[in-house]
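*Asks:* Residue numbers (my numbering), protein chains in the order written: chain A, 1 to 350; chain B, 1 to 177; chain C, 1 to 248.
Just so you know, the hints here were simulated from the structure itself, not pulled from any lab data.
Using 25 Å as the maximum straight-line C-alpha spacing, the simulated SDA-like pairs for lysine to any residue come out as follows:
#	chain 1	residue 1	chain 2	residue 2
1	B	K168	B	I142
2	C	K199	A	R23
3	A	K4	B	D57
Cβ-Cβ distance ranges computed for the label pairs, FRET-style:
#	chain 1	residue 1	chain 2	residue 2	range
4	B	T58	C	T128	56 to 62 Å
5	A	V333	B	A161	37 to 43 Å
6	C	K7	A	E191	31 to 37 Å
Because the structure is a prediction, the values reported are computed rather than measured.
Even glycine gets a Cβ: it sits at the ideal position worked out from N, Cα and C.
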Amino acid sequence: MSEKVLMKGNEAVAEGAIRSGCRHFFGYPITPQNELAAYMSKRMPKENGVFLQAESEIAAINMVLGAAATGVRAMTSSSSPGIALKSEGLSYLAGCDLPAVLVNVQRGGPGLGGIQPGQADYFIATQGSGHGDFRMIVLAPGGVQEMFDHAVLAFYLADRYRMTVMILSDGILGQMMEPVTFGNTVSDAPEKPWALGINRKREKNIVSSLFLDPYALEAQNFRRFERYAEVEANEARFEGFMLDDAEIVVVAYGASARVARNSIAEARSQGIKAGMLRPITLWPFPKEACLSAAKTAKAFISVEMSMGQMVKDIELAVRCGCPVLLCNRVGGVVPEPAQVLDCIRKAADL
Amino acid sequence: MSREILIAGFGGQGVLFSGKFLANIGLLNNQEVSWLPSYGPEMRGGTANCGVILSPDTIGCPVVSRPDVLIALNLPSLDKFENAVKPSGHIFTDSSMISKKVKRTDVIVHNIPAAKMAEDNALSGLGSMIMAGGVISLLDGISDDLIESAMRKTVPKRKQALFDSNMKAVYIGQNAV
Amino acid sequence: MSIVFQKTPVLTDTHFSYCPGCTHGIIHRLVAEVIQEMDIANSTIGVAPVGCAVLAYTFFNLDMIQSPHGRAPAVATGIKRALPDGFVFTYQGDGDLAAIGTAETVHAAARGENITVIFVNNAIYGMTGGQMAPTTLPGQVTQTTPYGRNPSSAGYPVMVSEMLSTLEGTAYCERVSVDCVKNIRKAKESIRKAFETQKAKKGFSLVEILSTCPTNWGLSPTESLDWLRENMMPQYPLGVFKDKGGEV
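Please model the entire structure based on the sequences and the hints provided.
*Replies:* See the structure below:
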């Protein structure tokens, strides 16, 4: 096993991308993701890769569009306000069925908001990432090791399904350091016969999201959603923590899941059967796992740093099988373990 | 046992660096570790703090809101975090920077004039590493070799010239407790 | 019997979707001929804009990508950085390049991005039905300047070639016109110079081409050519604004 290295989440995700064969990074400065671009600017020249600081988040995502169209593994990163600017490019990437990876190190919003950690981009990540009907695969790392692992996974999934994969992180995961082991799990990129190329001895390739014939566009959408259905069937991931006999099921991702872990351990020591279902993919959401946990649960609690976004997916997943409570802090405030414990106690008394 | 350490002071006092050193101590001691800085405009000239957790078990919340050990490198940090320290916890104050006494009576107080000791030993600016040395003296099973290896990991390769001075600061801190 | 003119194979057999009398067709042909004559067709990638030329990817017999509105220089940057040995060009109108895509254009030039931009300036938004463009002339009537463009409220034309020529990264920049045979020949030479500049890896190259829009100007094709000469040329003087390469 390779040596453990202490590094920031923002650096780990960058290293994971480089070890996945990503040699094209296009970024724009924004807190709290800056260490990611800085790391890329240092490492890429040594790997004969491209680091380019674009003039805007819009330009950066469109550079990803161009690079991805040639078949290379390309990536950009930003934080919440910058992600909104990337919406246009995300829709085009989906419309062109191009694989790409995007990291969102979330902060508090809306507007310029703040720079402290947030999770209020759940909707923009999982539901409304841009105009038109499309999906992104959304990964939710739970620590610095997973920031690395998810970069590797993201490039694999992006190529496998020709989709954009968003790694939905937050200011805590980006800024904190934890030990990381660089696993040897890098996937080879598949053949990409659709890609733009040079020295061609074939018919021309076109990468376009434009279909002026509504029936052709409709067919394109249906085909794309068949692929999405495959993703939903195969790729929903979660991790259970004391979940098997849990009566109070806490659902949390990212930094919130780290906080909730303390609260659940404390609740158990007080005799409350609490457990956690930590989604690793937010789209596809682990619906089956929620439904199955709902059979024995008294209540669900969504712990999130937003006004209640993921809670909607939980409600849909448990199909009114049991009450779903919201335990949240917003604006850059991180919930404290004591607050989550209080909520678990209240749920236990329902 | 699990240790939650909070280091707080002005930006530039080595808050983040000494925290990283302690995290590397834990890493080499086969513990689970996390290091979380305050970030943003706070870092530039204002107050900075950094939470380090060393634990035998998987670490949940990386935010240190109830520290076992507080290192206060200036008065605002002591004022802000004194009451957060767990009962029977430790408070290290830099007594060359803070004239005020710790009010709490249920904690163990270490008044170390770290900034002045650093100055006297031609280690200007390494007060936080003297404090880190003090914290190490509380930990079990930390050999000199381990400290040296942790320092190698912490001091950037291009700045290895600073290795000896940092080691000296830690040594002074270990003997000051 | 000898062949006196043949369509370049760099254009497909697809019928142009441009209006009768529009000069886009001429410009397409010039670009395609230069690519053929330089023998770079199998390594050239084109970026189609949003606007009248949105379907350019169906007309050029090249690998093509359709870009979001104004972002063509950014998309081209991504392609060129991934395939530095390829030839990459964008084909953009005035709204795409000088309004919504100003930042992408200016910064591609500032970086000296080794791409070629074919900039078609016809002083109006054609595709959407004739609204004011950043290059619309003072006094010019459009759908959104029904009383003529009033600089006091709607500002002045953007002089793209003049502006970009001030940037160090711009290696070649010329304004040409396709209003007559002589100018069409000059325009082709300019397009060739731009691609040669890219071949020599000298940096950003742009050819601004004054073009007509009979449909939205409300003029016949020949009247449009007169209008271009009488109104556009005084505002937009032809000439080389930057040529780092000198002779090519």
